[in-house]
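Novice: Can you build the whole structure from these sequences, using the hints too?
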Amino acid sequence: MTWTPINFAPGVFKDDSPLKAQGFYIDADKIRFVNGLPETIYGWERASTSTLLGLCRGAFTWQDNARSQYAALGTHLRLYAMDLDGTITDITPAVTYANPTFNVTTAASTTVTITGWTHGLSVDQKFKIENASPATVGGVTLNGTYTVLTVESATSITFTAAQTGIIAGPTSVTCLTTAYLAPGQEDGLAGQGFGTGGYGSGGFGGGSSGLTLFPRTWSFDQWGQNLLGSPRGDGIYEWAPNTTSSELVSNGSYSTSAGWSIGSGWSVGGGFAKASAGASSNLDQSITLATGAWHLLTLNLSVSAGTLAAISTTTIGAGIAATGNYRRAFYAGGGATTLRLLKDATFVGTVHDVSVQVLTTAQIVTNAPTMVGSMFTTAERIVVACGSNLDGSFDPLQVDWSDAEDNQNWTATSTNLAGGFTLPSGGRVVRGVASARENLIWTTDSIWSMRFNANPDSVYDFIEMGKGCGLIGPNAAAIAGGTAYWMTPEGGFYSYSGGTPTMIPCTLARDVADNLAWVQGDKVYASHVIGKNYAEVWWFYPDSRDGDECSRYVIFDTIGLTWSSGTFDRTAYAHSAVFEYPIAVSSVGVPWFHEKGFTEDGGPRSWSLTSSFATTDEGQLIVNGIRPDADDLQGGYSMLFTSKTRSIRGENTRTYPTISITAATGEKSARVKGEQVGFTVSATTAPTFWRMGALQMDMMTSQAKR
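Residues in the sequence shown are numbered from 1 upward in steps of one, following the numbering used here.
Bear in mind the hints are in silico, worked out from the structure with no lab data behind them. Watch out, some of these pointers could steer you wrong.
Cut-off 20 Å, straight-line C-alpha distance, at most; resulting in silico cross-link-like pairs (EDC-like, lysine to aspartate or glutamate) [claimed, not checked]:
1. K668 <-> D698
2. K20 <-> D511
3. K673 <-> E618
4. K128 <-> D90
5. K128 <-> D353
6. K20 <-> D617
7. K596 <-> E580
8. K644 <-> D698
9. K467 <-> D445
10. K467 <-> E438
11. K532 <-> D631
12. K532 <-> D557
13. K128 <-> E152
14. K596 <-> D83
15. K596 <-> D85
16. K596 <-> D29
17. K274 <-> D344
Computed from a prediction, not measured in an experiment: that's the story for all the values here.
Specialist: Printed below as a string of structure tokens:
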């Protein structure tokens, strides 16, 4: 017997034939390379029992001032926050408040039809009905939060109720409604190739048809303890980490016993506060606002004359001069203050149902651009919009930023640091991020350094660091150890740590580029993963062999400079910044903790590693036996040999019986013969872990002629 150590170069090599790649591994799944040897990645476990609605294309983790951990998860339909216990809260921004009167018709089902309402809603959009009168129609309770089922016309929608109704209506209903952020695009729609139509054509990201070309992606960053998030093509939203809201106003009879201070010209009684003409005066109540949070003021007014102003720490919207229900969001630094209803000298009317509550949903940042490609915050506590309509029309090369410490001040003056800069070239800005020594801005063609200079006349210097090395999608870049890594629109890989961007030699680049679903390139998602003796960057990408969603990945180990690949249904991934484990989301909306344990949520998981084909110039290879060796083996694995023999009649491939291996296996017999011989190790079990050791094979060469 001749026991031969089997040593392969670390990494997976797919860009040549299995024979040309001799000495490498040619395929893998759920395998990484650590200190030159392959081992399985760690397991994954459900992070929540809840499921997100929509395809997640944005994930970010942070903690509040109390060191409570949160994850922001943005889908093409909703925005969510998840805490450490896996409790998920829908924080989708409220964008429109209204007081409509419409007709409601119910059927002998859960489907409800609304007509006579110029709703402005779209399919899958969330909306809320409150204070409905009548409260029920056909046995269906109207007050509640719903999702638009169908849009019948500009004045008619259907939705699904919680109860099965009877045939009833149309019944006239008055109510309060709240419309939440409209759904974004699910897929890229550039029908003639990646980027067809141009960024910004026909409206933001739309072609001549007005359709958005790009799938909705989210950019997130931290603002103190608050979250800032922007859905591509929309504005910038802020959420303070509040998941419950209590009433902050003692309403009741509006009397002094209920905490109100009654000014001259005001009288109270019957649950109303009445005002008569005369001198300006206040109706006040002391309240305590949440720290650094957005609040919602609700007023129900009957106005005969004059104007009423609502004031907290600042004036809350314009003065009110017409009868109606009013709901206005406002930001407050927090703490004890006064809610003041200030009537002018001519105001005559009544006030009731005054309410102030902490908003548990995200809120549009006042004065920020309303159409943004992506956003981030800098070390100077400045919010940056990459691609912006701050000056009116959207410019895909415009970079605008707020004043320091004030995300609502975007007007540049001689006394603040707000400003803007238009990149002279680059197609369109794809993404910006704050890095260790500078801010980085990627376009479709280049990378720019955005460096703070503290000069209020310019604030930042913009320096083009490289061309021909743009970014394929807004989430296709990751920062690891102060170095940026990203995928280009051509499917190549680059790094930058100052100086000149460097192309990373990749043994998988052609396999990725040839199979990438190019129109869906904006879905590519990158993140870094740091573990025991490895520091990796992962790219999840949509492979055309599987469909349009992210289904495969490539890994670059920044220590060993090796590549690996595999399959994974993950559309977003956030590294373990504040949570103990990274968080990823599948295409069906399930959040997962990764790099945890050795199972798939307690059940079996699969992995595999395939070698290239070995050959000899002396005849045929014969494998008579194997001596497996592995470190920390859990669950056992299988070994499958394949051989190939070529002749004038073609190529003959033979697959041999599977060899089962456990931790107790010493030697196993094998009967393998061929001009080319390769093997695959794999397992589907729970738990499972494998790290290759000093594998040996009893090999010899046959003198048989080819």
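Novice: All hints are to be evaluated individually against the structure, with a verdict given for each.
Specialist: Evaluation of the provided hints:
1. K668 <-> D698: holds (10 Å)
2. K20 <-> D511: holds (15 Å)
3. K673 <-> E618: holds (13 Å)
4. K128 <-> D90: Holds: K128 and D90 sit about 13 Å apart, inside 20 Å.
5. K128 <-> D353: Roughly 19 Å separates the two Cα atoms, so the pair holds.
6. K20 <-> D617: Since the Cα atoms of K20 and D617 sit roughly 14 Å apart, the hinted pair holds (cutoff 20 Å).
7. K596 <-> E580: holds (9 Å)
8. K644 <-> D698: Cα-Cα ~19 Å, so holds.
9. K467 <-> D445: At roughly 6 Å apart (the allowed maximum being 20 Å), D445 and K467 satisfy the hint.
10. K467 <-> E438: Status holds; Cα separation ~18 Å.
11. K532 <-> D631: Holds: K532 and D631 sit about 15 Å apart, inside 20 Å.
12. K532 <-> D557: With a Cα-Cα distance of about 12 Å, the restraint between K532 and D557 holds, given a limit of 20 Å.
13. K128 <-> E152: holds (18 Å)
14. K596 <-> D83: holds (18 Å)
15. K596 <-> D85: The given pair, whose Cα atoms are some 16 Å apart, holds under the 20 Å limit.
16. K596 <-> D29: Holds - the C-alpha atoms of D29 and K596 are around 17 Å apart, at most 20 Å.
17. K274 <-> D344: holds (13 Å)
The structure fails none of the hints (numbered hints given earlier).
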